[in-house]
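A.B. asks: Here is what each chain is made of, one letter per residue.
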Amino acid sequence: MTTALEVSDVDVVFASGIGGRLRNMALRNITMAVGGERSSITAVVGQSGSGKSTLIRLLLGVQAATRGSVSYAGRPLHLMSRKEQMMFRREVQAIFQDPFDVFNPFYRIDHALLAPLRNFGLVASRDEAYAEIEQTLKVVGLEPGQTLGRYPHQLSGGQRQRVMIARALLLDPAIILADEPVSMVDASLRSTILDILYDLYRVKGISLVYVTHDLATAYQVAETIVVLNGGQVMEVGDAEAVIHDPKHPYTQALIAAVPSPDPDIPWNLEADPAEKLHEVDATIEQVLFRVDPLRAIAGPPDRDGEKTTIAKIQQAVSDAQDVAK
Amino acid sequence: MTAPVLEIEGLNVVYDTPGGPFHAVRDVSFSLASGERFGLVGESGSGKSTTILALMRMLRSGWVESGKVRLNGRDLLAAPASAFRQLRFAEMSLVPQGAMSSLNPVLRIADQIADIYDDHGIRWRRGEQIEAMRNLLARVGLPPTVLGFYPHQLSGGMKQRVCIAMSIALRPTLILADEPTSALDVMVQKQVLATLGRVQRDLGASVLLIGHDMALMAHFVDRIGVMYQGSLVEMGSVRKIFADPQHAYTRMLIDSLPSFNRTRRRA
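Protein sequence lines, in the order shown, are assigned to chains W and C. Residue numbering for the first sequence follows the working numbering, starting at 1 and increasing by one per position. Residue numbering for the second sequence follows the working numbering, starting at 1 and increasing by one per position.
Honestly, the hints are just simulated from the structure, not real lab data. No experiment lies behind these values; they were computed from the predicted model shown. One should not assume that every hint holds.
Derived, one-sided and incomplete: chain C residues facing chain W with beta-carbon distance under 10 Å [to be verified]: (1) 72; (2) 151; (3) 152; (4) 154; (5) 186; (6) 188; (7) 241; (8) 258.
Quick list of in silico lysine to any residue cross-link-like pairs, SDA-like style, CA-CA up to 25 Å [stated by the list, open to error]: (9) W:83 <-> W:118; (10) C:240 <-> W:266; (11) C:68 <-> C:98; (12) W:312 <-> W:83; (13) W:247 <-> W:266; (14) W:138 <-> C:29; (15) W:204 <-> W:14; (16) C:240 <-> W:118; (17) W:83 <-> W:98; (18) C:240 <-> W:260; (19) W:247 <-> C:259; (20) C:240 <-> W:138.
Backbone N, C-alpha and C fix where the C-beta goes; we use that ideal spot for every residue, glycine too.
Produce the complete structure using the sequences and hints provided.
C.D. replies: Shown next, in the form of structure tokens:
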């Protein structure tokens, strides 16, 4: 059975100050889908404060929507029964940025892997649990003998992040939400971890949302890229097109800020990267307009053109991939 | 050919651990010419941060076992503590890794900068100091109002630029920067690096930049040194290192760089 996690026309507003007078729109007019008929891999990129992490929290159901709704398998998250919630919590897994923070330092690694298996009643015995765990650790490239029985501080950041992926995998998820999973891992290990995530999508058909500020790694794994700025989508489209032919000035500035791995390609370090941005004001409401079959960019709501959503572009990109095969 | 600003010869640093002494830096030697940008790369635990902490005498539970360090011809390791204190900021300054946690949260920015001047016994006529501090902030592209702010009122990139401003307050000949942009997003990272590059050029100072992002290094420094398990395994000009990496670890660092020309999807 295939199930989709859907965000329909959501705003998230954080109110602060006396009587909530200061309103900060963390997300605005977001409609997107993860999973469903065909598994997908979507990257969400943006600067600090663009709303990336709020989006992940929204998808996980730990952040309520101020307007609109989030639903899984057709059921709004906030109306789920206990049983439905258990299913949601098992099938939608998260991997977070900091591989040092997420482990309880007083427990061995085994605990982090055994507890979810037990809590969801997925194994009948300890032996069965360990058999599962050992097999899953191998999938993420870890040697069970050198991982189990150790404490978190005895493993490197890359190893710990792989244990987190293994923990998510043990629950046989349909969707994995990854919030900056490689930004705190050594550069030399990043591509290994991205390979593992990509294989989960390709081999196991797990849908992924990859949230990052690093456009280059987003391009490496994603089929659709969503560019977020100030809580609104600036551009969304097929990864290839967004990276090699960015249409929105914000996307162009973001791409120009990434240093090329080739020292001979100039980076214009002295040029002011904010130059292009004065024409992008994230506080004004913007909606998405389709500019070609696989792409949409933001514009003022009163402009003429075909209005669209992230979800529709995701669907179009996904359909185009099917045709290519 | 001018005399080198910094010369390190056969530096060995050892940490005390419960399991016995741990040799974190092994026989590291390199030097920086005046105005040169040198990058030190390596993964976590390779000894790159330890190397500059040793230079700044900021090692905790570790000590320099042997080696020579000369800054502008003076033997740093032999300098008495009082002399060394005068030399920090004035001849050699550090831009720390975590700008988030390296500013004092209960002092305004102006007071933190003034602290550097006070500590070095610089006397000002009325109004001169505030003018100097305004100029300092202007150099790193921050408005003078920042002087009245507390650190929590600034973004990560602004804090890092305050740290750069502090590091150049006394016009040092050498700026040590320990992964100054690792906590920042790409756009802010570029701004901060551009700022560092600009002030470095204005001052004619040398920069020792530490990091593990080879792509950043490629566009910022002149020469790269690669550290692996405490040793300096390779050193050369950026172009030479990228064109013909000798050590397997260097090759892996370069090959693992994400690029807009490579993707898993069609692999």
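A.B. asks: Evaluate each hint against the coordinates.
C.D. replies: Against the structure, the hints come out as follows:
Taking 10 Å as the C-beta contact cut-off toward chain W, the hint placing residue 72 of chain C at the interface is violated, the least distance being around 28 Å. A hinted interface residue such as residue 151 of chain C counts as satisfied when its beta carbon comes closer than 10 Å to some beta carbon of chain W; here the least separation is about 16 Å, so the hint is violated. A distance limit of 10 Å between C-beta atoms decides the matter here; for residue 152 of chain C the minimum to chain W is near 14 Å, and the interface restraint is violated. Because the beta carbon of residue 154 of chain C sits about 13 Å from the nearest beta carbon in chain W, more than 10 Å, this interface hint is broken.
Because the closest C-beta pair between residue 186 of chain C and chain W is about 4 Å apart, less than 10 Å, the hint holds. For residue 188 of chain C, the interface hint holds, the least distance from its beta-carbon to any beta-carbon of chain W being 7 Å, beneath 10 Å. A hinted interface residue such as residue 241 of chain C counts as satisfied when its beta carbon comes closer than 10 Å to some beta carbon of chain W; here the least separation is about 9 Å, so the hint holds. Annotation: interface hint on residue 258 of chain C holds; nearest CB of chain W at approximately 4 Å, less than 10 Å.
As the CA atoms of residue 83 of chain W and residue 118 of chain W are separated by approximately 16 Å, the hinted pair is consistent with the 25 Å bound. Distance restraint check for residue 240 of chain C and residue 266 of chain W: the Cα-Cα separation of roughly 17 Å lies within the 25 Å cut-off, and the hinted pair is therefore satisfied. For the hint pairing residue 68 of chain C with residue 98 of chain C, the CA-to-CA distance comes to about 28 Å; that exceeds 25 Å, so the pair is violated. A C-alpha spacing of about 30 Å is found between residue 312 of chain W and residue 83 of chain W, which places the hinted pair above 25 Å, so the restraint is violated.
A C-alpha spacing of about 21 Å is found between residue 247 of chain W and residue 266 of chain W, which places the hinted pair at or below 25 Å, so the restraint holds. About 41 Å separates the Cα atoms of residue 138 of chain W and residue 29 of chain C, which puts this hinted pair outside 25 Å; it is violated. With a C-alpha separation of about 37 Å, the suggested pair residue 204 of chain W and residue 14 of chain W falls outside the 25 Å cut-off, and the hint is violated. Among the hinted pairs, residue 240 of chain C with residue 118 of chain W is inconsistent with the structure: their alpha-carbon atoms are about 54 Å apart, more than 25 Å.
For the suggested pair residue 83 of chain W and residue 98 of chain W, the alpha carbons sit about 30 Å apart, so the restraint of at most 25 Å is broken. Annotation: proposed proximity of residue 240 of chain C to residue 260 of chain W holds, straight-line Cα distance about 16 Å (limit 25 Å). Distance check on the hinted pair: residue 247 of chain W and residue 259 of chain C sit about 20 Å apart at the alpha-carbon level, within 25 Å; holds. A threshold of 25 Å between alpha carbons decides the hint, and for residue 240 of chain C with residue 138 of chain W the separation of about 38 Å lies outside it, so the pair is violated.
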